[in-house]
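Chemist: Residue numbers (my numbering), protein chains in the order written: chain H, 1 to 378; chain Y, 1 to 378; chain U, 1 to 399; chain P, 1 to 399.
Heads up, some of the hints might be wrong.
Stated by the list, open to error - Derived pair list, reagent style EDC-like, types lysine to aspartate or glutamate, alpha-carbon separation capped at 20 angstroms:
{"id": "1", "chain 1": "P", "residue 1": "K282", "chain 2": "H", "residue 2": "E374"}
{"id": "2", "chain 1": "U", "residue 1": "K329", "chain 2": "H", "residue 2": "E36"}
{"id": "3", "chain 1": "U", "residue 1": "K264", "chain 2": "Y", "residue 2": "E376"}
The set of hints was computed from the structure by calculation and includes no laboratory data.
Predicted, not measured: the structure shown is a model, and the values here were computed from it.
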Amino acid sequence: MDFDLSGDQKILQTSVREFLNKECSKDKVRELEEDERGYDIEMWKKMAELEWMGVVFPEEYGGTEGDFIDLMILVEEMGRYILPSPFFSTILSSLSILEYGDEGQKEKFLPKIAKGEEIWTLALMESSVTYEASGIKLRAIPEKEEYILEGTKLFVPYAHVADRLLVVARTSEEKNPKDGITVFIVDVAKTKGLEVEVIPTAAHDKQCEVRFDHVKVSKDNVLGDVGRGWDVVNFIIQRGAVLKCAEMVGGAQAVLEMANDYAKERVQFDRPIGSFQAIQHKLADMFTEIEGLRYLVYEAAWMINVGSPSDLLISMGKAKANEVYQRTCIEGIRIHGAIGFTREEDVGLYYLRTKAAEFAFGDTDSHRKQIAIELERS
Amino acid sequence: MDFDLSGDQKILQTSVREFLNKECSKDKVRELEEDERGYDIEMWKKMAELEWMGVVFPEEYGGTEGDFIDLMILVEEMGRYILPSPFFSTILSSLSILEYGDEGQKEKFLPKIAKGEEIWTLALMESSVTYEASGIKLRAIPEKEEYILEGTKLFVPYAHVADRLLVVARTSEEKNPKDGITVFIVDVAKTKGLEVEVIPTAAHDKQCEVRFDHVKVSKDNVLGDVGRGWDVVNFIIQRGAVLKCAEMVGGAQAVLEMANDYAKERVQFDRPIGSFQAIQHKLADMFTEIEGLRYLVYEAAWMINVGSPSDLLISMGKAKANEVYQRTCIEGIRIHGAIGFTREEDVGLYYLRTKAAEFAFGDTDSHRKQIAIELERS
Amino acid sequence: MDFKFGEKEEALREEIREFAREELPPGWLTVMLEEESRDEDWAFAMSISKKLSERGWLTMSWPEEYGGKGASLWEQLVYLEESGYWGIPGTMMGISGVAWVGPSLMMYGSEEQKEKYLPLIASGEPDGVWCTGYSEPNAGSDFANIQTRAVREEDEYVINGQKTWTSAAHRARWCWLAAVTNPNAPKKHQRISVLIVDMKSKGVTVNPLVNYAGYHIFNEVFFDDVRVPESSLVGEENRGWYQLMTSLAYERGSLGPSGYGYNKRILDELVRYAKETNLFQKHEIRCKLADMAIEVEMQRMLVSQTTWKMSKGEMPTYEPSRDKVFNDKVQERLAITGTEILGAYSQIDPLHRDSRWSKLRGCVESLYWLFPGISISAGTDEIEKNIIGQFGLGLPKSY
Amino acid sequence: MDFKFGEKEEALREEIREFAREELPPGWLTVMLEEESRDEDWAFAMSISKKLSERGWLTMSWPEEYGGKGASLWEQLVYLEESGYWGIPGTMMGISGVAWVGPSLMMYGSEEQKEKYLPLIASGEPDGVWCTGYSEPNAGSDFANIQTRAVREEDEYVINGQKTWTSAAHRARWCWLAAVTNPNAPKKHQRISVLIVDMKSKGVTVNPLVNYAGYHIFNEVFFDDVRVPESSLVGEENRGWYQLMTSLAYERGSLGPSGYGYNKRILDELVRYAKETNLFQKHEIRCKLADMAIEVEMQRMLVSQTTWKMSKGEMPTYEPSRDKVFNDKVQERLAITGTEILGAYSQIDPLHRDSRWSKLRGCVESLYWLFPGISISAGTDEIEKNIIGQFGLGLPKSY
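Excised from the complex, chain H in its bound form (with noise of 0.2 angstroms):
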């Protein structure tokens, strides 16, 4: 057993945390929650010249042959800063291409991302907002050649400046809901209507609602087998909640250190607010928890790496993190007593993305679901 990071990765680690300390800042931040892109395309192009988009592509594509772990060292720095970027949407939907994509598609599409030229997102939530199968209503009729979309995704994060989504639709209606899924993708620029809104969150995180109407797509453009979309929606899953997970333990454990530095130098009473037992205990049992949340989660990403998935572990990581970063945010901003509550203060950032987080690929109680499924079976 090695809980530690090898010598290349803590060379990433350091190399992401002194990027972003350096091009994100807290103000950054801010700033482009009021952006209407929601993103630097500087310091996107700059991620791409660090070649972070390609880190887990093979050489051909592009990609520096990196694995799962560099990527989920990457992104738990990137919850750390809370960036705001379609890398996330990005590169899970670049590794849905390389798992189920066609060597066309991956010599196609890859090599793009990897440069930066390209900003991909998932269009996956309908209005049930859930993950269930049974809440994917969008149709896709089949039309000679073609395919017609009729329908309307939610929270679809970054649609507004992306090229392609990776849209799942029904192709057709079978008993089991998670049949007859189909995965399309959908290039943007070429295709007439899409019309794309961006839903007004508290956190400013570009999450927009897509609407279909007659969208026409190739058949070429299917990823993966007709009707088997499902297997790539859950391989989606799988790998987005493990990431997800990740950025949220970068952002728990950022929101420990700002808390612990002011309980350090607050005064209250002549003494720091850290030296009294209901803050110093507070800290401690956040502290604890975010510890075993984050091995939970490494091992979690450990073992999709490896090659054996484990939906138990990946269950047990999200329905941690959920609980634990929230948890972490709400006693943050207590800990900073009413400066905790003010615009200036950086808790509040976090506090604001813990929804977002939540329900990004399961909220809780799917994931209890899934546990109890998986001790079932054992």
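Mind docking chains Y, U and P on chain H? Use the hints.
Modeler: Showing chains Y, U and P alone in chain H's frame:
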């Protein structure tokens, strides 16, 4: 609105407290745990002389015409002193005689109970250990003027010393498990085929297994209507739950007071441990929870008293009491440190009674379900 | 023992419900303190304040001579519960005036002060709106540590210093100010006086402290050589700390019933939402709603018990702290569980509560974003638990 | 990053499982510390200790010269996890000797002491059983406050005083005693020395402290003019407090993996029980089991991380405290939720675990009754959180 007890009620409360303070020391409780009968006959007689057994009976049956609040006050004090006695099961049986008995049954039984001449108990639970109607499997087969009872009851308090049992049996199999249930009054002395065995519980509180092997009961000894016994059971569970809550409030209050006194006295690091926030805030939380619970339970009892029992309030009270009593005992032990772990310290005596109280008249989940049903109706 | 309200209270309850139906837009629902943030919300709140004043409700428990109608504490409880439930804005007019400045003036104010300020508050007019200047950057939980100075110069006090977390300062005509008048007193607690400051005075600057969710509730207030007449002193000089401790009890006492009313409404709305969306059929949702319902009913009983104690003429000691901590706990649970029930929709910015993605008029989200701040605004829970420990349980000081 | 065990560890795991299958009665399951209570349980535990010693497992991480086999910390972790899981009794022989007396002697003991005591512990014989005399009536959390005196008289120490909460004192041949040797030292921490006392010495009296559930785990130990040779001193005189702080880390470090193993077993048993009784079909039971499973897996990772840190040659600082607090939390949850799952059956006295009403051999009930005491026995969680705060987070002292 008035949260106060009436003048008479305060006198009753004081007199009960004084009596138990004198007669029911913790050494007495320990002694009775080891005692085969599990209660003190002399104390029982005195309680009868104080007219506790008949507190809610009309004068004609030898009672003192008190109301349900009076009874609740009695039981809360008993909980405070964790009095080992068959009072609870006897009084609950008599409440159902009062409600469902015919005139003959009332005249025959109630005066004897009021005088302390008879001990009664409830044979309700079976091996499913739930209060769901489907758990009632004990069969009662009509045969001429009698019924033949076959089956086993579990966790019947003080059955080993009881004069009469109220036995909940199934007289017919119906679609709805609540139908076809009948309650019988069984005279232990005159009945053959009854086997009673004391179950070794941690609290040594004399709960028994009662086996019915071809037990004959006369048709005169049906309480209420044949096949409609679930009404009686429901009545018993409602009243039983509220009284059990009152008992738990009394117990929790006693534990809080012990822990609070200890926190004031015990010095570590040159300060009373009650001046450490970790301890003080825990006590403050316990205190608040117990006060809130008490008023919730009082409200539920008051609703019964004015003739409008509320399933919603009763379930709220029991679900909360289960949580609060357990939590108070656990934290109470912890505040006492290692001393709280010993047989000599009283707090453990209360802790040993948590599980019996929790599962009597419905566990937390069953009451939560009931609350949801009531919310759905509203 | 009796847990029902009298006919008078029930009649009042009906009257208030009718008022809410008539005066508020359909589906109206808001969160405490929120109304101070945006101009249009504040204007609406003030228009309602005026109407509440006309009904005699705004300061109903005050004596008639000062613009009240001598209502019982039980009537006031019903009024506060209902206004919390229906989200009637303007009930508190920025809180300070109605909730504790008035009662404190009745206890410690001069005749002149009573005659001038009490009817103004009772009128429901903008000139009756107050803010409270207690907290400073280095005096939060440790309130006695304030540094703002008020120096007597002839028949005036000259005030210099900074207050912070001052809610409604941007709406208030008057400030209820705690300042140091005797810096050399042997004990911190004996240095402080209470002064009334006209917010229009020269040298008063209000600087908004917008919170992370975009609400403007708190402010910094700077006092730069602000001169007020000596008649602005409330009660005795240097007795301010003791006077404030009393008014703090009022502050907390009055928040209890409206907090309960508000929480009950959120619960009812969540139950309704869960039924409409069929989420109510999910076992985990049922359990969550059941657990919340228990807490809300417990809260009702606790705040009623506090009112009952006061109605007997007893001074509440630890009860307001208990009720505040409990309210914070209930609101935390409602906010967390409520957003879990709404799922991804709970991400919608409550400042855009009219958007078509918003559920329950954004009230659950706004509670979620605001509850950590609301709970801090009248003293942290740690401080409240110290009070419960000391006054409810007789434990030694823990700070 | 690598989260799998090596082949060596996996092979050992199989060996231990086979050992458990062969040596333990079918369905065997017990709770930590329980084995010290009853004579027959203790006798069985000691018979297993002997066998564990023969396998070289009892003190596997010790150097061969002292009766160990120089096993890695990872092998030891596997051994402890498995023995916790299967409830192998005698693994700790009353804890003290194996867990910290041995390691401390290796650090601070004289050659003579090492040669005498280490092989005795490693032998798994009754003469290798130790108890630890730290706590006193007025020195619990505040351990440095001990009063037991050891006065040097020529070539002996004369010991007078009282220890309490001494687990296994009624089973132990030796006591690892903290006593005051320099009452006049300027600091409390500089007064204390560690001595080895033969429990058969004249003047030693052991008084059982039976707990409320009827278990005899703790004792009072009285020292009345007990004389021990000066060679009984461990390490330096008056440096005892510093030595003990080190050994405390060992104590806690070694409890982690066996605590995890035990908790995992309870979880597995509850899952099995729920499946067999169809309770698993109830949604609330599923949720509870899922929540427990998360905590247990988190615990596995935390204790592994502590071992990993030690395996790199680093001294654990706050980690053992963290793992202890976490273990206490997991056990509390298992106990509370486990009894909820068993329902009314959880009332059965675990001392009657063979009764026909008992479920899962009474292990859930015995955990329920014992967990508050077990969690206190090695330092309260408050003290542990102080350590996490100071050493994990660099916060100032809070007591």
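Chemist: Verify the proposed pairing of K329/U with E36/H, using a straight-line Cα cut of 20 angstroms.
Modeler: violated, 38 angstroms
Chemist: Please work out if K264/U and E376/Y have their alpha carbons no farther apart than 20 angstroms.
Modeler: Roughly 15 angstroms between the alpha carbons, so the hint for K264/U and E376/Y holds.
Chemist: For the pair supplied as a hint, K282/P and E374/H, is the alpha-carbon distance within the 20 angstroms limit?
Modeler: holds, 15 angstroms
In summary, the one numbered hint that this structure violates is 2.
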